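J.: Please construct the entire structure, taking both the sequences and the accompanying hints into account.
For reference, each letter of the sequence shown is one residue, going 557 to 881 in the numbering used here.
Among the clues, some could well be false.
[What the hints assert, rightly or not] Subject to a maximum C-alpha distance of 25 Å in a straight line, what follows is the list of computed DMTMM-like cross-link-like pairs (lysine to aspartate or glutamate):
{"no.": "1", "residue 1": "Lys713", "residue 2": "Glu763"}
{"no.": "2", "residue 1": "Lys665", "residue 2": "Glu619"}
{"no.": "3", "residue 1": "Lys614", "residue 2": "Asp671"}
{"no.": "4", "residue 1": "Lys720", "residue 2": "Asp661"}
{"no.": "5", "residue 1": "Lys775", "residue 2": "Glu763"}
{"no.": "6", "residue 1": "Lys817", "residue 2": "Glu675"}
{"no.": "7", "residue 1": "Lys822", "residue 2": "Asp805"}
{"no.": "8", "residue 1": "Lys775", "residue 2": "Asp661"}
{"no.": "9", "residue 1": "Lys817", "residue 2": "Glu855"}
Quick caveat, the hints were computed from the structure, so don't treat them as lab data. From a predicted model like this one, the values you see are computed outputs, not experimental measurements.
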Amino acid sequence: MEEQNIELKMINMADIMASQVDWLWYPFIPYGKLTIIQGDPGDGKSTLILNIAARLSKGEGFEEDMTPMEPMNVIYQTAEDGLADTVKPRLEQAGADCSRISIIDESEKSISMVDERLEEAIVRQKAKLLILDPIQAYLGGGTDMNRANETRDMTKKLGSLAEKTGCAIVLIGHMNKAGGNKAAYRGMGSIDFFAVARSVILVGRIEGQDNMRAVIQIKNNLAAFGHAKAFELCEEGFRWCGDYEITADEVLGGIIPKGSKLEQAKQFLRELSGDNVKILSTEIIEQAKQEGISKRTLETAKSELGINAKKVNNSWYWDLSNDEA
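T.: Printed below as a string of structure tokens:
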């Protein structure tokens, strides 16, 4: 088969106008680029992005590095959750302005990453954020996401769409079962997804805290890595916690993070506190040991909470009165 002759064209870097990267959420989600949010099923990836969409639809953010100038329009494509019984209730619970969140109708034809309707929808809605949840649902019929030669052109085209429109495009991805591998290789499908994305974020459970989830950046080509964050899935819904001391290895390995051990110790002491409560130090240390909290960590928590120790009849007591703890 003869190769088609294509005229050689050169681009001189002197003719390129330098530009700065704009951020939807610095340094996690850039405008005009691809971002991947990945994690195990049920760990809160969709909950996180839905709550981000809800805040942005009202012109709000979680913190000072996610503060839009005005309410944003968002396109949220999901192939896993029902719109009426799952997505809409979640958005309402998050307080979203649902008039600013749209979905492309796939009743006649399914959407793929190379579908021209994506660009048309972004332009028509003036959307600043497009979410595809999950990645594998939008590959198109017959595409094997594990084959680089089949996914490379697709991801490059999606990246070009983000750059052309200035829209932040977020792909939600599941993790594979390859325990022990680096986070980069735990994403479902070809490593090309990881390579093309400018930012990759891991969402995972925090060992020892059933309702807490970690948000950790594991790739950033555009800025310094962001500090790990956390959110809580409580009875009232989603609660953003902000900065959290945890690593990707601790999340992937199911290891209780060193930082959260101190928080666990503080919470343990708060739960013991009350009006005029004074407890033997040896008793507190023994109870903490049963909770898996070391004496050193307990002493640090005591110091940071400003709890005083008092000696009574040759025995030391910790003063856990409410005004102390």
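J.: Take the hints in turn and mark each one as holding or not.
T.: Here's how the hints hold up against the structure:
Among the hinted pairs, Lys713 with Glu763 is inconsistent with the structure: their alpha-carbon atoms are about 38 Å apart, more than 25 Å. The hinted pair formed by Lys665 and Glu619 fails the criterion: a straight-line CA distance of about 38 Å is larger than 25 Å. With a C-alpha separation of about 29 Å, the suggested pair Lys614 and Asp671 falls outside the 25 Å cut-off, and the hint is violated. A C-alpha spacing of about 23 Å is found between Lys720 and Asp661, which places the hinted pair at or below 25 Å, so the restraint holds.
A C-alpha spacing of about 22 Å is found between Lys775 and Glu763, which places the hinted pair at or below 25 Å, so the restraint holds. About 47 Å separates the Cα atoms of Lys817 and Glu675, which puts this hinted pair outside 25 Å; it is violated. Note on Lys822 and Asp805: the hinted pairing holds, with a Cα-Cα distance of about 24 Å set against a maximum of 25 Å. For a cut-off of 25 Å, the pair hint linking Lys775 to Asp661 is broken: about 33 Å separates their Cα positions.
Among the hinted pairs, Lys817 with Glu855 is consistent with the structure: their alpha-carbon atoms are about 12 Å apart, no more than 25 Å.
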